[in-house]
Every structure is written in structure tokens, then in C-alpha cells.
Amino acid sequence: MTGVLHKEKPDVRTGADHGRPRHPRRSRSHVAVFVAPFFAVFALFFLAPIGYAVYQSFFKLTSSGLGLTEPTLDFAGLDNYVTALTSPAFVGSVGRVLLFSLIEVPIMVVCALALALLLDSAQARFRAFFRVSFFLPYGVPGVIASLLWGFLYVPQTSPLIDMLAAAGLPHDFLGPDTVLLAIANISTWQFAGYNMLVLIAGLQAIPQELYEAARVDGATELRIAWHVKVPLVRAPLVLITVFTLIGTLQLFVEPLVLKPLTTAINSDYTPNLAAYNQAFAQSNIHLASAEATLIAIMSFVISFGFLRLVNRKGNRAW
Amino acid sequence: MVRRIRPSTVVVLALLGAATVYFLLPVVWVLVAATKSSADLFGTFGFWSPDPQLGANLSRLFGTDDGLFGRWILNSFLYAGVGALIATLLSACAGYAMAKYPFPGREALFNLVLAGVLVPATVLALPTYLIFSQGLFGRWILNSFLYAGVGALIATLLSACAGYAMAKYPFPGREALFNLVLAGVLVPATVLALPTYLIFSQVGVTGTFWSVLLPSVVSPFGVYLARIQANAAIPDALLESARLDGAGEYRIFFRIALKIMSPALVTIFLFQFIGVWNNYFLPLVMLSDQRLYPVTLGLAQWNSQTFRDPAFYELTVTGAAVSALLLVLTMASLQRFWRAGLTAGSVKG
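Respectively, the protein sequence lines represent chains L and U.
Quick note: the first sequence uses numbering that gives the first Met the number 0, first residue 0, plus one each step.
Quick note: the second sequence uses numbering that gives the first Met the number 0, first residue 0, plus one each step.
Just so you know, the hints here were simulated from the structure itself, not pulled from any lab data.
Since we're looking at a predicted model, the values are computed, not measured.
Glycine included, each C-beta is placed from N, C-alpha and C at the ideal position.
Some clues are possibly wrong.
What the hints assert, rightly or not - A partial selection of chain U residues facing chain L, derived with a Cβ cut-off under 8 Å: (1) Val11; (2) Phe22; (3) Leu23; (4) Pro25; (5) Ser36; (6) Ser37; (7) Leu40; (8) Phe46; (9) Phe61; (10) Phe253; (11) Trp276; (12) Asn277; (13) Ala299; (14) Phe311; (15) Ala323.
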């Protein structure tokens with residue numbers, strides 16, 4: 000993340016050098032007035048919940064003996080974390096989203112890149128129409144998208160299953176082996192167009208002379224795409240990879256909506272579902288907090304780890 | 000004029016066309032399904048409606064439970080619209096200040112904002128619920144839990160809030176306030192519990208409009224975007240000349256900076272609007288009163304009732320069509336703003 004700042008620092012510093020010497024005594028109360036409102040709500044609704052969840056994760060309710068007296072709240076140290084990390088359901092859910100990331104991130108990046116390169120190619124026509132069509136699912140809320148695909152996944156309402164069955168092709172979208180792919184499809188459908196736009200923004204920043212030079216050298220459009228365009232959109236590629244990675248680890252709405260349609264999804268299907276289940280079905284907000292904290296830590300470690308990995312190889316992307 | 004069409008053009012167009020079919024497929028399905036009766040929904044081919052009755056479905060959709068669906072849509076607009084508006088304003092202020100005024104700890108603060116961009120909304124929903132619910136639910140869960148939990152919560156809130164606001168730039172009384180916060184952290188939780196309980200039982204906001212709206216007014220990404228835009232588009236020389244002309248800092252911000260940053264502000268607003276509109280986890284955990292639901296939560300609830308009463312299929316499908324169409328139309332009409340914003344936000348080579 001600090002790589003972004005590196006790019007900006009020169010501007011920032013010049014600004015500082017211009018401003019300070021000329022007005023050494025200028026009142027700076029306006030700085031507080033500008034910054035404080037955001038950071039008040041930022042502290043309230045971002046930092047505080049995280050701190051609170053971490054705090055709650057270190058406690059647990061202990062009921063005494065027969066359960067006739069009120070249970071007491073005890074400091075539990077890392078007990079909740081140990082419980083979560085030794086629970087097969089939670090560990091299984093973590094493994095499942097990691098597998099989901101392994102499937103979904105490459106699909107997403109390849110789809111977004113392919114669509115961006117196709118739209119950016121010299122042969123493309125009706126660009127505005129295609130761009131809007133691909134981007135459109137981003138505006139459909141995750142719940143609605145899952146509902147729609149859910150209808151397309153069940154035999155009672157799905158024209159797709161009718162057609163696949165008529166063609167003699169396999170058509171069980173919600174079986175234990177296929178349901179993860181069915182979820183991956185919903186995510187891809189929703190966000191591929193958005194990620195494509197991010198890449199197109201990067202592609203449009205490439206000077207056209209570069210392509211001219213490559214064409215003069217006899218490169219085909221495919222070679223230009225692979226050897227000129229792809230390396231130059233490395234930074235936005237890293238960006239969409241990280242955001243997809245974070246998104247896949249947070250998987251929640253899609254399995255929750257598909258759950259009634261299939262027995263392949265249980266209430267601990269993903270870590271977020273497990274934490275939700277723990278907080279509201281089991282009423283154990285302390286274990287839920289520990290699980291939420293673990294999810295947050297996992298997201299940070301994996302996304303920062305990925306950024307470090309790509310930044311170590313060759314140029315900094317961020 | 001006849002244009003020569005090369006084979007590669009045909010291939011590219013065919014691939015783009017196939018992708019279009021994929022992205023439009025569920026939308027077409029739901030639009031067709033919205034014109035069907037429950038019987039036709041299960042009995043006829045998905046992409047064809049033999050006996051359209053869209054009018055009847057729509058009037059049922061908006062008529063059920065005294066127009067509950069219309070209320071949900073209104074709620075969604077209120078949450079998303081007001082939330083996005085306030086988030087845009089706060090982001091513009093903070094981004095502009097961080098771009099143009101050097102102050103101690105600015106980079107650290109900005110890094111914090113960037114880290115906030117990486118925090119997904121779903122991670123926040125549960126802890127935020129726990130905070131909002133303390134005043135109401137904590138009392139009947141357990142008294143001891145309420146005292147200890149809320150006490151430490153307020154200590155955490157105060158130290159987080161004051162710490163991040165004051166460590167970043169100097170202002171009068173900062174050290175005194177800092178010492179006070181330190182004392183609050185060091186004082187045993189049992190001492191803090193009572194005042195904290197008193198505060199929170201007054202702010203028992205779970206299940207209210209505010210419990211969904213207030214967390215929606217924060218957009219770290221907006222601050223990031225506003226800062227990038229202010230840095231790139233507002234020359235320092237312009238500010239200097241405005242100051243020499245006697246304009247105050249607020250006047251400069253409202254009359255000059257906001258105008259120049261307006262493309263980024265539109266983008267921030269749209270991002271936040273879509274984000275809040277699509278948010279599901281937060282209202283799911285916050286709200287129990289059906290009349291306060293946003294449309295996503297309401298539809299999911301109806302969908303879960305289809306097993307009890309199949310008539311809910313009709314409502315769910317028509318409702319999904321209406322709500323998908325609303326945002327799709329909004330987005331299609333505002334498409335050029337999206338592109339402008341994405342270019343401004345992307346890393347420039």
C-alpha cells in the first residue's frame with residue numbers, strides 16, 4: 000500500500016515547501032475542521048468495531064454447575080481462538096474459501112483481462128454497448144444476483160437446465176462437487192465487468208505510438224496484446240487481484256441465499272457464515288468475535304502477503 | 000460506405016457477443032419471469048412468457064402488506080442516498096486537506112485510510128452490530144456482561160477516536176485530552192462500566208434507521224480518491240493566488256476546490272451509493288422491524304418464505320426484476336462518470 004504514497008510524495012513535498020515559509024503563523028484550525036469529521040466517523044464505525052470485536056474475543060460466558068445461577072463473563076485469554084482454530088467446522092470453512100479463492104481469482108482475472116483486451120482491440124465495434132452490458136451486473140446487489148442465479152440453478156424454474164438436459168449434458172449446478180463453481184459463477188458474473196473497466200482505464204493510459212511502433216515492427220494484434228498491453232496494465236491487474244482475493248475470503252451472501260436450495264451448503268460453509276451463525280444462532284458473540292478477528296487477520300495477511308510477493312518480483316506495482 | 004470486415008473482427012465481435020449473452024442472461028430471465036404467474040413460473044420455458052401478466056404482478060408487488068415493497072425501495076434510497084452524500088462531503092474535506100495542507104502524521108493517517116479501503120464491509124457488519132446492540136440487547140443477555148463489555152467499549156471508542164484525531168495534528172488541549180484518554184484505559188473496567196452503561200442505554204439504536212445509516216457515512220476509499228484528485232487537479236499556485244486575494248481557507252475550499260474536484264465527488268458518491276445499496280450484512284444484523292428493511296434484505300426474507308407459501312415466488316421474482324432494473328438504469332445513465340472516476344483512481348503510469 001505504501002507504494003501508492005511513494006508516487007505522490009514529490010507533489011506533497013513541493014506543496015509543503017511552497018506553503019510553509021510564506022505563512023509561518025497562519026492558523027491551522029481549518030485543518031482540524033476538515034479532517035476531524037471524517038476521522039470521527041472513521042474512528043466510530045471502522046476502528047471501534049474492530050477494537051471491540053478483538054476485545055470481546057478475549058472473553059467468554061461461563062455458566063456454573065446446574066445452570067441455575069446466571070453465567071459469569073470471564074476473561075478467556077486466547078481460549079476462543081483455540082476453540083475456533085480447533086473446530087473442524089471453522090477450519091473447514093477457512094479451507095473452503097481458500098479453495099474458492101484458488102478457483103475464483105484466476106477465473107476473474109483472466110475473464111476481466113480477456114474482456115478488456117477484446118474491447119480495447121482495434122477490431123472491436125459497438126464498444127459502448129458492450130461496456131455497459133458487461134458492467135451492468137455490478138449494479139445488481141449480491142442478494143439479488145444470488146436470487147436470480149438461484150432460480151437458474153434449480154430444475155423447477157431454470158431454462159438452462161431444460162436446455163442442458165435436452166442436449167444430454169450434465170446439469171446439476173448445486174451438487175456437493177459443483178456448488179462452489181456455481182458460487183464462483185455468481186461472483187464472476189457480478190464483478191468481471193467492473194474489473195474489466197479498471198483494466199480498460201489502465202489500457203487507455205497507454206500511448207498509441209507504442210502500438211504503432213509494434214505494428215511497424217510487424218507484431219500481430221495478439222502479440223501486441225500479450226507483449227505490450229498486458230505488461231503495461233500490471234498495476235491495475237495487481238489491484239483487481241487483491242480486491243478479488245479479499246472479496247472471495249469474505250464470501251457470505253451467495254451461500255446464504257443458495258443455502259435453502261441445496262444440502263451441499265451448511266451453516267458453517269464459509270468463515271463469515273460461521274461467525275454469523277455463532278453470533279445469532281448460538282448466541283456466542285465472544286467466539287463469533289474471535290472468528291471475525293481471525294477472518295480480518297487472514298484477509299490482511301493474505302492480501303499484504305500477495306502485494307509483497309508481486310512487489311518483490313521486478314518493479315513495484317503499488 | 001462499405002467497410003471491409005476482416006475475419007479477426009468477426010472473431011472479436013463473436014466473443015464480445017457471447018460475453019454479452021452471459022452477462023444479460025439472468026436479467027433477461029428475471030424480466031420474463033416477472034410477467035408470469037407462479038404456475039407459469041414453474042410450468043413454462045424460462046425465456047418465454049405465454050400469458051404475460053406484468054401489471055397484475057406489479058400491483059400485487061406494491062400492494063402486498065400495505066405497500067411494504069415501495070417502503071423498502073424508499074428505505075434503500077434513503078440509506079444509500081443520504082449515506083453516499085455525507086460520505087462524499089466528508090471524503091472531499093479530508094482528501095482535500097490531506098492533499099493540500101502538510102501536517103504531522105499525515106502520511107500515517109493516509110496509510111490508515113488505505114488500510115480501511117481493504118477492510119471489507121462484511122467484516123465490519125458484525126462488530127458494528129455488537130456495538131449498536133449493547134444498549135438494547137446487553138441488558139437482557141446479562142448484567143455483568145453489560146457492565147464489563149460496554150465499559151471497555153467506551154474506553155476503546157474514546158482512545159481510538161481521540162488518538163487518531165489528535166496524534167495527527169496539533170491543537171490546543173491535545174496533551175490534556177491525551178492524558179485523560181490514558182487514564183481511561185488504565186482505570187479498571189469496573190469503574191468505567193456505570194457511566195458507559197448510562198451513555199449506551201440512551202443511545203440504544205439497534206433496529207433503528209440510524210443503525211444502518213450512520214455506518215454508511217464512512218468511505219475511506221472516498222478519502223483516497225479525493226486526495227488523488229486534489230493533488231492532481233488543484234495547483235498550489237491557484238490556492239496561493241486565492242490567498243493573496245484575501246480568500247480564507249474555507250472560502251477557497253467551498254468556492255474553488257470543490258468545483259475542481261467535482262468529477263471525483265460524483266464518482267465517490269456513486270461508489271458509496273452502490274456499496275450501501277448492495278450492502279446486506281449490516282441491515283441483516285441491525286434491523287428486525289420489517290418496515291425499516293432495505294430492498295435487499297426484504298427480498299431475501301420473502302425468498303426464505305417461499306417454502307411456506309409458494310405465492311412468495313411471484314413477489315420475489317417481480318421484486319428482483321424491479322430492483323435490478325432500478326440500479327441498472329441508474330448506472331447506465333451515469334456511465335461516463337464511472338469511467339472518469341476510474342481513470343482518476345487508477346495508478347497513473
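For each hint, the structure was consulted:
With a least beta-carbon distance of about 4 Å to chain L, the hint placing valine 11/U at the interface is held under the 8 Å criterion. Taking 8 Å as the C-beta cut-off, the interface hint given for phenylalanine 22/U holds, the closest approach to chain L being about 5 Å. Of the supplied interface hints, the one on leucine 23/U holds, with its beta-carbon coming within about 6 Å of a beta-carbon of chain L, less than 8 Å. For proline 25/U, the suggested interface contact is upheld, since its CB lies about 4 Å from the closest CB of chain L, less than 8 Å.
Below 8 Å, beta-carbon pairs count as interface contacts, and serine 36/U has none with chain L, the closest being about 13 Å; its hint is therefore violated. Using the Cβ-Cβ criterion of 8 Å, the hint placing serine 37/U at the interface with chain L is not satisfied: the shortest such distance is roughly 10 Å. Below 8 Å, beta-carbon pairs count as interface contacts, and leucine 40/U has one with chain L at about 6 Å; its hint therefore holds. Given the 8 Å rule on beta carbons, the hint for phenylalanine 46/U holds: about 5 Å separates it from the nearest Cβ of chain L.
Residue-level restraint check for phenylalanine 61/U is violated (minimum Cβ-Cβ distance to chain L is 17 Å; threshold 8 Å). Look at phenylalanine 253/U: its Cβ only gets to about 11 Å from chain L, farther than 8 Å, so that hint breaks. For tryptophan 276/U, the interface hint holds, the least distance from its beta-carbon to any beta-carbon of chain L being 6 Å, beneath 8 Å. About 4 Å separates the beta-carbon of asparagine 277/U from the nearest beta-carbon of chain L, less than 8 Å, and the hint is met.
For alanine 299/U, the shortest C-beta to C-beta distance to chain L is roughly 5 Å, which falls under 8 Å, so the interface hint holds. This hint is violated: phenylalanine 311/U has a C-beta 12 Å from the nearest C-beta of chain L, more than the 8 Å allowed. Look at alanine 323/U: its Cβ gets to within about 5 Å of chain L, closer than 8 Å, so that hint holds up.
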